[in-house]
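Chemist: Just so you know, the sequences run in chain order U and F. Heads up, the first sequence is in the numbering used here, so the first residue is 43 and it goes up one at a time. Heads up, the second sequence is in the numbering used here, so the first residue is 82 and it goes up one at a time.
Source of the hints: derived by calculation from the structure; they are not laboratory data. Keep in mind that a hint or two might mislead.
Below, simulated SDA-like cross-link-like pairs (lysine to any residue); rule was C-alpha separation at most 25 Å, straight line [stated by the list, open to error]:
#1 U:99 - U:219
#2 F:275 - U:151
#3 F:275 - F:298
#4 U:157 - F:293
#5 U:240 - F:149
Keep in mind it's a predicted model, so treat the numbers as computed, not measured.
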Amino acid sequence: MITILNYGLGNLNSVANMIRHIGGQCKIASCPDELLSADKIILPGVGSFDAGMTALKATGLQEALYEKVIVQQTPILGICLGMQLMTERSEEGNLPGLGWLLGEVKRFAISESQKLSVKVPHMGWNRLTVTRPNSLLSVEEECRFYFVHSYHVVCSEADTIARSRHGYDFVAAFAHQNIFGVQFHPEKSHRFGMKLLKNFMEI
Amino acid sequence: MLKHRVIPCLLLEHGGLVKTRKFSEPKYVGDPINAIRIFNEREVDELMVLDIRASREKREPDYALIEQFAGECFMPLCYGGGIHSLSQAKQLFSLGVEKVCLQTSALENTRLISEITGSYGNQSVVVSADVKKGWFGGKHLYASCAGKSARITLEDFLTRSVEAGAGEILLNSVDRDGTMSGMDFDLIREVSRKHTVPLIAAGGVASLQDIRQAVLAGASAVAAGAFFVFQGPHRAVLITYPKYSELETLLGDMQDNESN
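Whenever a hint applies, use it, and build me the whole structure from the sequences.
Modeler: Structure follows, in structure tokens:
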């Protein structure tokens, strides 16, 4: 059973639709009590960094997540903003992030000469380069995913599992023990997303 | 590398799928769920569904139907038609829609764009501008709900909408709609130069080369209706969509070209 966190941001139904489509079970948790029984968690998110952190605090979910993810080591997958919130900070906001992973979030810095052709937000389908073996993405298979974002994560090479390119190479996915983050939207990426969510279900 | 998006645009009328020609003569082309399933199997980049009667009949979006669409769409889904309040947009997003497309309400007032993007981000709103040739050859912004020229210019409308937060522009050419006679590349060029947000060009796609030309003219994405639902000179209904590899070959070198 996958628990999808509802903190007021993000398209929960799209994630739930895809999990059900691939034969998985999921439920939506809006308060700390509903999170207690989770054995896998998805942290979705669309919106701004501070709005996300404020909502996680206000709902009491931040502490509950700490207990589940850091103390109990429950596997968690952050999607888009959900991934960014797992780092220490973001150029987009002033509030500290969850800080589970050493790293920060920066706005795409596209050079003047590229500005006409490389637009921000990075919106559309892009390919990945998987940089090390991991349980979410296979190194051999070609895959592409749907992205919509103006900010991206900067973290250590050791935590990075895949990169993509928009003007320059950036971190498209990371993994650190039980903590996974993807910048793209697997729930909107056809069979490539289904495969990734299936892999997450099987961790 | 980012590929330019190619988006089937489906028109709804009273729960059925139709295709218009120059915004009139809606022809029934089938069951929307069936069409969406096929497009889903074809792994389309994105899908756009516009209810062409909702605003005219002052109806709410058909939430039950849209929820079924969202359940079948494993790609981004944009819905437009009959959206006049933040609470309607909220309901659509909660059903699994990624983007809402606004025209009628945005022509009245851009406040709704600001309200929606304030809560859901710029990427959540596509503003739709229809352009029609006037009697003397000039191009005018057309209000499709009212069926006549809009009171403001295309330029003003788009500037205000983007300032209000719209994250994308859907630019359609009324005179070319459903005709498969080629796109208005001058218009695409003109609009893409003036606005930095992604531009989805529509109207008149007749071939894959048109899609390539539109991208060369500055479009970030190309939407088409007739091109993906009709086949042959008699406009027989047949839903098609090119393979990803074909599109990649067609559009793969575009970023480099544009920066030259």
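Chemist: A separate judgement is required for each hint: does it hold in the structure or not?
Modeler: Do the hints match the structure? See the list:
About 24 Å separates the Cα atoms of residue 99 of chain U and residue 219 of chain U, which keeps this hinted pair within 25 Å; it holds. Our distance criterion of 25 Å between C-alpha atoms is met by residue 275 of chain F and residue 151 of chain U, whose separation comes to about 22 Å. Proposed proximity of residue 275 of chain F and residue 298 of chain F is supported: the alpha carbons are some 12 Å apart, at most 25 Å. Distance check on the hinted pair: residue 157 of chain U and residue 293 of chain F sit about 20 Å apart at the alpha-carbon level, within 25 Å; holds.
Restraint check for residue 240 of chain U and residue 149 of chain F: satisfied, since their Cα atoms lie roughly 23 Å apart, inside the 25 Å limit.
Violated hints for the displayed structure: none, as all numbered hints are satisfied.
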